[in-house]
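What follows is each chain in one-letter form.
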Amino acid sequence: MFENSGLSMDQAPPIVVVLRFFLTGTIFGIVASVMLFFYGETITDFSSAQALALTHTLTLGVMASFMFGALYQMLPVLCGVAIKKPELLALRVNYALILGTIFLIISFFILNTTLYIIAAFSLAYALFTTAYVMIKKLKTISHSSSSRGMLLSLISLVFVAILGLLLLSLRGGFNINIDYLALKSAHFSFGLFGWIALLIISVSFQVIEMFYVTPPYNKKYAKYMPQVIISLLFINLIAAIFAPFLLNIIEYIVIVLVALHASLTLIKLKQKKRAVTDATILFWTLGMSSYILFAIAYTLNLFITIPTTLIAILFAYFALSIVFAMSYKIVPFLVWFHLNAKGYFEAPMMHEVAHPKYARINLYLFIISFATLLIANYLPFLWQIASFILFIAFFMLFLMIHSAIKKYFYILKTGKKFEFNIPNIN
Amino acid sequence: MIKHFLDARELEHPEPLEKAIEALKLLDENSYFYMLHRKEPIPLLALAGEHNLNFISKQTEDENWHILISPNQNIKLEEFIKE
Chain A
1 MFENSGLSMD QAPPIVVVLR FFLTGTIFGI VASVMLFFYG ETITDFSSAQ
51 ALALTHTLTL GVMASFMFGA LYQMLPVLCG VAIKKPELLA LRVNYALILG
101 TIFLIISFFI LNTTLYIIAA FSLAYALFTT AYVMIKKLKT ISHSSSSRGM
151 LLSLISLVFV AILGLLLLSL RGGFNINIDY LALKSAHFSF GLFGWIALLI
201 ISVSFQVIEM FYVTPPYNKK YAKYMPQVII SLLFINLIAA IFAPFLLNII
251 EYIVIVLVAL HASLTLIKLK QKKRAVTDAT ILFWTLGMSS YILFAIAYTL
301 NLFITIPTTL IAILFAYFAL SIVFAMSYKI VPFLVWFHLN AKGYFEAPMM
351 HEVAHPKYAR INLYLFIISF ATLLIANYLP FLWQIASFIL FIAFFMLFLM
401 IHSAIKKYFY ILKTGKKFEF NIPNIN
Chain B
427 MIKHFLDARE LEHPEPLEKA IEALKLLDEN SYFYMLHRKE PIPLLALAGE
477 HNLNFISKQT EDENWHILIS PNQNIKLEEF IKE
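One line per chain: the protein sequences are A and B, in this order. Counted from 1, the first sequence has number 380 at position 380 by my numbering; the numbering is strictly sequential. Counted from 1, the second sequence has number 433 at position 7 by my numbering; the numbering is strictly sequential.
Rather than coming from a laboratory, the hints here were simulated on the basis of the structure. Among the clues, some could well be false.
Dumping the calculated DSS-like pairs for lysine-lysine here, alpha-carbon to alpha-carbon at most 25 angstroms [to be verified]: (1) B:LYS465 <-> A:LYS273; (2) A:LYS342 <-> B:LYS465; (3) B:LYS451 <-> A:LYS416; (4) A:LYS407 <-> B:LYS429; (5) B:LYS465 <-> B:LYS429; (6) A:LYS273 <-> A:LYS219; (7) A:LYS272 <-> A:LYS357; (8) B:LYS445 <-> A:LYS223; (9) A:LYS223 <-> B:LYS451; (10) A:LYS272 <-> B:LYS429; (11) B:LYS445 <-> A:LYS342; (12) B:LYS451 <-> B:LYS502; (13) A:LYS270 <-> B:LYS465; (14) A:LYS137 <-> A:LYS268; (15) B:LYS484 <-> A:LYS139; (16) B:LYS429 <-> B:LYS445; (17) A:LYS416 <-> A:LYS406; (18) A:LYS272 <-> A:LYS220; (19) A:LYS268 <-> B:LYS465; (20) B:LYS451 <-> A:LYS342; (21) B:LYS451 <-> A:LYS413; (22) B:LYS445 <-> B:LYS484; (23) B:LYS465 <-> A:LYS220; (24) A:LYS357 <-> B:LYS445.
Chain B stretches covered by chain A per the calculated footprint, using a threshold of three residues with CB under 8 angstroms from any CB of chain A [as the list claims (entries may be wrong)]: (25) 427-434; (26) 461-470.
Derived Cβ-Cβ restraints for the label pairs, each shown as a range [stated by the list, open to error]: (27) A:LEU170 <-> B:GLU448: 55 to 65 angstroms; (28) A:ASN177 <-> B:GLU489: 27 to 37 angstroms; (29) B:ASP454 <-> A:LEU88: 33 to 43 angstroms; (30) A:SER263 <-> B:ILE507: 38 to 48 angstroms; (31) A:ILE117 <-> B:GLU448: 52 to 62 angstroms; (32) A:PHE128 <-> B:GLU489: 36 to 46 angstroms; (33) A:PRO216 <-> B:GLU455: 34 to 44 angstroms; (34) A:LEU88 <-> B:LYS502: 35 to 45 angstroms.
Yeah, the Cβ is synthetic: ideal placement off N, Cα and C, and Gly gets one too.
Okay, chain B solo, but in the shape it has when bound (with noise of 0.2 angstroms):
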């Protein structure tokens, strides 16, 4: 699988749902979006699941959002978050 990887966590608001898009749009089958941020972000969420995309969105220990998206919904994005 390909990762687009975004490191948000340095981001002004709204730069980090620009990107997202903007990566959302390369996708297909064989790939996956790989974001991390420092909040999680709802509407990039809402926008996920309103196109009808495979994803998760979950905080680890060091209180980093780990999100992934993709449109292959035969994936466990789960096993591809890395702490």
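This is chain A alone, in the form it adopts within the complex (with noise of 0.2 angstroms):
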């Protein structure tokens, strides 16, 4: 409860603080593409230079980038936490995050230990700095489900940087005595399933009855499905030292819980009172479609060959499918609700930074290049033809978000301020 407490616009980072994320994301998007139009088939060999370089582009370029720019905006909003000036730390971890991430993605290709320096320190920086300052603000708080699993899955994010900087540390040439694979596995349950994953679960408790008026989840299962996720990943690492056994059947029941949540989700999708659909909520649709696809698939390669390039890009549309629903429900929001809370009459309504017209092709785009990048898996000369259309769908996402930062400096610099009919108490 609030009463005249001192909340103000200062509990909410500057509108800068979160697109210059989006925008650092979208751009890593657009990269991400042009390299799979050159390295087409080459990405399905796991091991190569080529298909790590994408993942990381993928992972740290485009969802680290949205996901600390979601989180900047999402503590205050949600958990009602506030990162006091935020602008400068944003801006470290923001270049930390580029430079990291390309110098990581270049000594992939060259073996070099200054380059592998250069990008641990960096990256470890963005992570572990970013990490730290928002679990000790959200370890104050009395929680909501969302602001629990935030809170672990930023512990998970601690987790991948550890096992991130000791997997570059060993390629970097440095020896130590650890397990090459068991602790690549951990690195991956903990970066796909204990970070991505359980944020988007997280975010997904408040936001899905939030933003497309459904019924809420279930209050037990929102408090404990997050605890019982970390868990097993915790169980797993040690599993990973010692019964290196048991990695796939944990693994393999965090990967059913979360296609459960988003079954659920989809459920509570088809609940929403409204009859009205626009394209965030059919984002949301096909990432959480896209996750049960991906589980399906996982199970079947048990006892079936699938293409493990075809898998991975079932779970990587689960994630930027939300990436791409929360960019245009958040952007345009922010920026008529910064011009407003300014006092700017001529503030754009949220139709006018991103018509739903434009959301709709952005997302029929997106599909097609998921469907054709399926395919690809069979009929490799479509790799090229799915990256340009995936190219095509992330530089849209990039004009919306640059045209709405543009906008609202236009209306920053010209616009005419209105005032609340208040008496001035100052």
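These two chains come separately, so use the hints to put the complex back together.
Shown next, in the form of structure tokens:
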């Protein structure tokens, strides 16, 4: 409950903090599409430098950028915690993440210890600083299901970073007595399910009901699901060291649990009270469906051979769909809200920042890129076509965010302010 | 006191905030804004705080949030909350 409690717009981060991360994410998305265009079929060899470079462009460049931007925005709004004066911190983290990702990608192709060290220090700074600042804030509050899940997801990020840095050290030529494959498996599990999936689950507890007026998730389910997932991931980490034969079993349970959540979310979206369906709901539907297909393909792969790249594409589109959904929901809202809060009459309405038809076209291109990429696993000449369509989809998202920033600063410069009909009490 | 009421419980984001801001523009010392919501609208409360408005948000047993905002600093908004 709030009661004249000194709550103010300082609670929310400046709009540029969030949008700079989002813009960075779309640029890395464009870079990933270009990489895919030139690498084509070579990415199907998962241990190749090309596959590693593309995977980390997507997970660090795209996903981490969007997830950091979203966390800066959502921690104050959903959890009521504010990071004081976040501009400088966010800017440093943003640059460190960009630098670290670029050097990491290059280091997959050029085996050079200096490159590894620069990548390791930059990424360590970006990931640990963000996790430390946010975990410290989240530890002080009374938790909702969403905020508890976000906290656990950030703890996963710490482990992703530690395990990733150990892997980087091994690749960089440092001699550490650890099983490389077990380490890689634990890094993979914490990254995909602890950091990415758990954050999406935590956010969905709040935004699915709030954005689309659906029935809420069961309270006990929302409270315990993230805790069960993170507990299993820790057991998995211990198993990686002492009982590697358990790894696949525990990981599979986590995959099924996340699939249950995806199914439940689809049911919630079906139960929404209003008939209107916008592009963001369809992006959420696509994301959750893609995850369910990922779990099915993973299961089938236990019995018949399914291309690993196909399974990876299904997971990637689960995460990327939510990125697109949240961008089309958050960016126009932020522009409109921050301008209104500053008192500008001419604040563009949300549909003027991102027109629903534009979002729909972006959705359709995204779906076509998804389908084409899946088919490319069997018809390799489609890799280039698919990556070109994905390029356009990311470029459209980039244009939307870029034009939103331009509109925001244009109104700030030229707009007229209104005053609420309030006596000045200061 | 004139009440400007908005039941936002079945409105999709960001309609509650859009309508609330329009309602706030109409307020004077003899009026207040009363919104019913399924969630606590922290951005709206932050905006009210930024503009030095008198405001309160309270969740009742039925899990609804009651948000009251007025430019009048001398009224106790809690007294207007209806269970």
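- prompt: Hints broken by the structure, by number, lowest first?
  reply: The structure conflicts with hints 4, 8, 9, 10, 14, 25, 28, although it agrees with all the remaining ones.
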